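Mind docking chains B and C on chain A? Use the hints.
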Amino acid sequence: MSHRLAKGGRLINRAHEQKFTFNGKPMRGLKGDTLAASLLANGQMLLGRSFKYHRPRGVVASGAEEPNALVGLGRGDSYEPNQRTTTTDLFDGLVAESQNHWPSLNFDLLALNNLVPQFLTAGFYYKTFIQPRAFWKHVYEPIIRHSAGLGKAPKQDARDPDRYEQIYAFCDVLVIGGGIAGLQAALTAAQAGAKVALWEQTAHWGGRAPVDMVEIDGQPADIWIKTTVKTLESMDNVQLRLRCMGAGVHDHGYVLGYERITDHAPDPASPRHRLWRMRAGQIITATGAIERPLSFAGNDVPGVMLASAMRDYVVNYAVAPGHEVVVVTNNDDAYRTAITLRKAGVGVAAVVDARAQATGALPEQARAMGIRVLTGKGIRKVKGRGHVNGVEICRIDSKGTAYTEKLDCDAIAMSGGWSPVVHLWSHCGGKLLWDEVGNFFRPDPDRPPLGADGAGFVHACGSAAGAMGAVLAEAHATALKAAQALRAASTPPAPADDRVADAAPMEAVWMMPRNAEYDLRMKMWLDFQNDVKVADVQLAAREGFQSVEHAKRYTTLGMATDQGKLSNINGLAILSDALGQPIPATGTTTFRPPYTPISLGAIAGEARGAVFQPLRRTPLHDWHEGNGADWEPVGHWRRPYTYRRSGESRHDAVNREVINTRQNIGLLDASTLGKILVSGPDAGRFLDMLYTNMMSTLKPGKCRYGLMCNENGFLMDDGVVARIDEQSFLVHTTSGGADHIHAWMEDWLQCEWWDWKVHTLNLTEQFAQIAVVGPKARQLLERLGGMDLSREGLPFMDWREGTLGGFSARVFRISFSGELSFEVAVPASQGRAFWDRLLAEGQDLGIMPYGTEALHILRAEKGFIMIGDETDGTVIPQDLCLNWAISKKKADFLGKRGMERAAMTDPNRWTLVGLETLDGSVLPHGALAVRAGKNANKQAITEGRVTSTYFSATFGRGIAMGLVERGPERMGEVISFAGAGNTRIAARIVDPVLYDKEGEKQNV
Amino acid sequence: MLMLTCPCCGITAEETEFAPGGEAHLKRFGPGSSDGDYESYMFQRKNPRGVHFERWRHAYGCGKWFLAARDTMTLEVFGTYPAQTTQPPPEIIAKIKQKRPEWEGSQ
Amino acid sequence: MSDLAQSALQSAEFEGFVTIREAGLQGMITLRGDLGAEGLAKAVTKATGCAMPAPRRVTSAGTCGVAWMSPDEVMILCSHDKAPDIAQTLSKALEGQFATVAVVSDARAVFKLQGAGWRDALAKICPVDFATLTEGDIRRTRAAQVAAAIWVSGKDEATLVCFRSVAGYMFDLLSTVAAKGTEPYLYSLPTETS
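Protein chains in written order, with my numbering: chain A, 1 to 1004; chain B, 1 to 107; chain C, 1 to 194.
Worth flagging that the hints you see were computed from the coordinates, not collected in a lab. Be a bit skeptical, because a hint or two may be false.
What the hints assert, rightly or not - Short derived list, chain B residues pointing at chain C, Cβ under 10 Å: (1) C8; (2) H58; (3) A59; (4) K64.
Unchecked claim - Anything over 10 Å on all C-beta distances counts as not near chain B; from chain A, calculated: (5) K31; (6) M235; (7) P268; (8) R608; (9) T697; (10) L918; (11) V922; (12) H925.
These numbers come from a predicted model, not from an experiment. A virtual CB, placed ideally from N, CA and C, is assigned to each residue, including glycine.
This is chain A alone, in the form it adopts within the complex (with noise of 0.2 Å):
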C-alpha cells in the first residue's frame, strides 16, 4: 500500500495542506504534489480501468508519459475528461472522477472483457463486425460506443467559462526542457548574445537530476540548478517560461508552446491557457528521455511502476509506492530506485536483473547497502489482480514454464532502459539512428529539420541527443553551434562539471523471459492505454502487417492519448523479432505534434464569442438592430433580410416592402456595394480589359452596367461603372465581391500589365450608400434640396455630385427594382444621419426601408440576374441572354478566349428563362428539370434548374428564374419540375422579365 513518509519531499510543502477529492471521497494532499503523488500518499492505488479489457490500472509514470491515471477534473461547465494525473499539479479544491468503468471503480461489468481476451486481439473490430452489414450501423456501432472511448464527453450544453489566448513571439535561440541539458543550453546561447527564450513542461526547473544523484563542481545538482536560474532571470536577452510545453516544431522554425497559466491555480481573470506561436532561429531539443517499461506477465497490474517514477515520488513528494519493492531491470539506472527506496526507509526485497552480471558501480553501491540482487533472472508473472501481493521469478533464457522463486512484495519497479524524446526534433523531419549501445533511436546530428534557408534550425541535446551520463558540455558545445549560426558575438565561459556514476552497458530485453509462452505472453501490455499486448503485435505480424504504420494501425499501438510513449519501442522490437530483421529495418512511426495532447482552447485562443469572426457592420447597422432586422449574413457583412414589424411573420413583412416599394417609396442600404476608384491614364483601357464590354467609351456623368468574366469566360461579378473624369471610374461590385475584385484587379495591373498607369483605391466603406426606390422617390429628394434631380436634369443611367439636403452626395440614377430610384452616396460618417433625415422627410409618402429579400424579389420581377444565383462558377453572359453586353468590338478582353471554346457555343447550353408554375405554387429552390426516360446510368435525364424563385407579391404568385435546354427557343413549353419526394411540379416557360417590360417606370 503506497503511503507518505515521515520525512523528505523535495518538491512538498507539508505545512500546506489541500483538499481534493476523488470519486467524491475526500482526501488531502500537499502543496507542491501532482495528484498522482497525492493519490499514492492517500493509498489510492486503482485509479482506472483500461480502454478494452477494463483491467485495473494505476500510477505507471510521474509525467508527461503516463498512459494509465487518466482522470476527469472539475465538474459541470469546466469538466475535462482524459487528464493526466501526473502533470496535474494539486490546488484546494480539486475534484476528480475515475473514468471507463461501469458501475464504479472498484466493481467493474465491462472488465468480463478481460476474462476472454482472445475475444478483443488484434484486428477483431475489423473481423468481427463484418456482416451482416446492416447490424454496423444498428447493432455494433452503438454497442461500440457505448463502450469505447476513455472519459466522457462534456455536456453538450456545457460551455467552457475559462479565458484563452494565443501569443506571437520571437526568439534567436529557443530551448526546450528545462533540465540540467537545457538550462546550460539556455545560459551559454543567452552569454553568447542570442535573445533566448526557455520553456520547462513542468512546474520546476532541473529536470531529473536531483532525482538521479547528478552532482555539478563535486555538490548536488539543486544548488547548481538554483544559481544558474537565478542567473538566466536576471539577464534582458532571456525569457523564462514554466508549464510551458513545446507541443510542436513546424516548418521555418515555427514552435507551438503551450503554457497552462492556471491550471493549478484557477483563476477567472487569467487565461487557462496561452499558445505560444514562437518563431525561432534555433531550437535546442533538451526533452530528456523516457524510461521504458519491460514486458513480463502482469506488468499493468497498480503497483508495477516505472523505477525512475517510483524515485521521483519517493524524491519529489516523499511518497512511497509501497513497503516492500521488487525492482526489475536491465540496467544500472534502476539500481538508484533501489538505492534511493532503501535510503527513504522501504523495503527491497531484490533487483532482478536480466544481466548475467551485475558489476557497475551502482549494483555494488547496492549490494554495499545490503540489497539483494539476482542476476540471469526476470520475472514470471505478477501475482495480484487489483493490487501487486507479490512476484514468480524466472531465469531470463527460460520459457517461463516455472518459477525460480516467488518474491513477496506490493509494487513492483521496472526498467528497461531509457529512450531519448526525440518528437519535437523529428516534427519537422529531423532522422533518427539506432544506437547498438543505448538501445535507443537518437536525433541524427547529420539529418536535422532544414529550415527556410536550407540549413539545419534543430539541435539535440542532453539526453534527448542520446547523452546517457554527464551533459553539461555537450549542451555548452550544441549552444555554441545555435548561436553561431546567428553570428552572435560574445564568448561564453565554459560550463560546469558535472558528474554521473559510470554505468555498465544495459542489455537489451524485449520479452521477459526471452522464450516466454503464449499464455505469458496474452498478459504482456506494450501499450497499457490501449490495451495492446505481446501477443497481438506478433498476431499483426504473422498475418502480413509488415510496415511498422500498418501494425500500429491493425494493433492500435501507440494510438491512444499518450501516443505511445512507453510503448513504442517496446512494440517495435517486438514486431522487428517477429519479422526476423533488426530494429533500424522496421523503423518508427511519425512523431506527430501536439507532444501531448492540448486543449481545444488553447487553439482556439481568443476567437470566441463577440470576436469569433469579425462582423462588418455598415453605418446604418444600429439602426437596422434597433428596428427589427432580421439578418442575412452576405460574406462577413450583416444585411437586414427584411424588417419585422410586431406580430408580422418574415414572409408577411417581406411582401410588405416590396408592394410599398412598388407604390410608394422603399430605402435600401447598399452600403455594402463595392466600390473601387480606377483612376489614370490607362483607366479606360484597363477597364474595356476588365469587363466585357466597352467602358473607355462612357461619357463622364454617366452609368453602365457591365460584365466582369474570369479568364474561363465564366460571370463572376456585375454592376454598374460611373465615369468620374476623363481619367477616372468609379466601379460598383456586388457586396461579396468588393475585396476579391479589388484583389483581381491589382493582380492584372502588377503581374501583367505593370506598365499600364492605373491606380485602383477600394472605397467600398468610404460611403454609406443608400438606394431611394419607388414612384414617390423623386418628389422625396426633392425636398431635400439641393441638386437637380428631374428627368431632365438627371437622366436614367446618369450621376451627379452635389449637395443634397446638405449633405455632400453623389447621386447615381440606376434601377435594380424596374421602379424610379436613385442611388445616393454620401460620406460613411453622414450616412447615419442622412438615412435619419430620409426618413423623416418621407414619412408621409410612405417611406419604407426594405431588405434583402425584397431587393431580390424586385429584381426577380424585373428579370434582373444575380450574380451566385443565376451564376455558379460555370455560367458565361451568352448563357443569360446577356450577348449585348458583350462587346464584338474589342479584339481582347479577360474570358473572350474561354469564351470560344467549343463547349462554350453549344447551342444546347442551358438559358435563361422565366418559369411560371400551373398552379401558381413557388418552385423549390435549385430544382432540376426533368425529362421522361433515363440515361446510360439510369438515372433521370436533366434539361434544366431553377435559379431565383420567389413569392411575388406584385403577381400574388410564384415568380421564377431557371436556366433550360435551349430555353428562348422553347417558349410557352410546359416543363417538369421535381420536387420533394417524387412529385413534379408542371412550369411553363416564359419571358423572364415580367414587370414593365418597356422600362417606363424607371424612365420616368
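Chains B and C in isolation, oriented as in the chain A frame:
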C-alpha cells in the same frame, strides 16, 4: 508555416500575412490562340517536387504581389523578387544552381 | 454637415492593462503615385507640412502626418474636416502627373492603445515582432482575422487603423487581449504595466 520576405516593402513575415497565387511566369494566351496554348495557360501546371517559382501577395501588408523561388520538398526559400518580370532574375537562378547543382532549369 | 458626422464607435473606451480608445473622427487621404518623384514629395510637404516618409515610417508636423503604406502609396493624416480641402489642394498640385488622391477618412476606424503593455496586448493577435518597431514606425499586418496598420505614435502609445466596418470587432478584440489579469509580460515587466 513559411516565412517570406516581401521584396516590395521589405517585411519578413509569416505565411498568414500573405496569400498564395499559384505558379509564376505563366504566359497569357488570349483570343486567337490555339487550344493547346490556351490549355497550357489555364490548366497545365508544373507542380514539381523541388524548385518552384510561385506568386504571393502581401495581402495583409503592402498589398503587392511578388514572386518566390522555393523548394516544394524542403521548403527552402531561394529568394523573392518583384512580380514585374517574365522570368526569374539571374541572381535567383545562380543561387538555385549553387544549392541544387542537379537542377535543370524551369523550362 | 460635419456636425452630423459620427465615427464608427463614437470614442468608445476600455480600461485594461492597456487603455483602448476609439480615436473619433480622423481625416485620412490616400495618395498613390511615384513616391520618388520630386513634384509629388513637394506637393505632399506643401499640403501637410510633413516630409515624405521613408519606407515603413510616419512623419508628422502639427495636426498632420504622412504614413508610408506601400511603395506607391502614402496615407495623409489630418483633421477630419480639413481632409476634403487638403485632398483637393493635392489633386490640383499633382495635375498632369500619374497620381491618385482620395479621401478615405470614413472608410477607417482609428484606435489609440495607451500604456507600456501595448506590445504585449497586440502580440496576442498580430504575427509581428514588436521589439523591432520603434517610435515613428508603421507596420501593416493582420490583427486576428482582419487587416490593420499599427503606428508607434508615442513612447507608450500605438495607433491602430482598421476598416470602419470591423471597428466593433476590433474594439471587442482589443478589449479581450488587453483585459487586466491577462498580461503576458513578453515585452514589458510587471512593474511597468501595473
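* **Hint check, K64(B) versus chain C [nearest Cβ-Cβ separation less than 10 Å]** => holds, 6 Å
* Asked: Can we trust that H925(A) is non-interface, i.e. its beta-carbon lies farther than 10 Å from all of chain B?
  -> holds, 31 Å
* Asked: Any Cβ of chain B at or closer than 10 Å to L918(A), or is the non-interface label fine?
  -> holds, 43 Å
* Asked: Beyond 10 Å from every Cβ of chain B: is that where the Cβ of T697(A) lies?
  -> The claim holds: T697(A) sits with its nearest Cβ about 20 Å from chain B, beyond 10 Å.
* To do: So, H58(B) near chain C? Judge it on the closest CB pair being under 10 Å.
  => holds, 8 Å
* Is the Cβ of V922(A) farther than 10 Å from every Cβ of chain B? -> With a cut-off of 10 Å, V922(A) remains clear of chain B, as the shortest Cβ separation is near 39 Å.
* Take a quick look at K31(A) and tell me if its Cβ sits farther than 10 Å from every Cβ on chain B, holds or violated. => Given a closest Cβ separation of 40 Å, the condition holds.
* Would P268(A) pass as off the interface with chain B, using Cβ distances and a cut of 10 Å? -> holds, 30 Å
* Can we confirm that no CB of chain B comes within 10 Å of the CB of R608(A)? -> Consistent with the label, R608(A) stays out of reach of chain B, its closest Cβ about 19 Å off (over 10 Å).
* Hold the hint about A59(B) up to the distance rule: shortest CB distance to chain C must be less than 10 Å. => holds, 8 Å
* To do: Under 10 Å, Cβ to Cβ, is where C8(B) needs to be relative to chain C, so tell me if that hint holds or is violated.
  => holds, 5 Å
* Asked: Regarding the assertion that M235(A) does not contact chain B, is the least Cβ-Cβ distance greater than 10 Å?
  -> holds, 26 Å
Violated hints are absent here; each numbered hint is respected by the structure.
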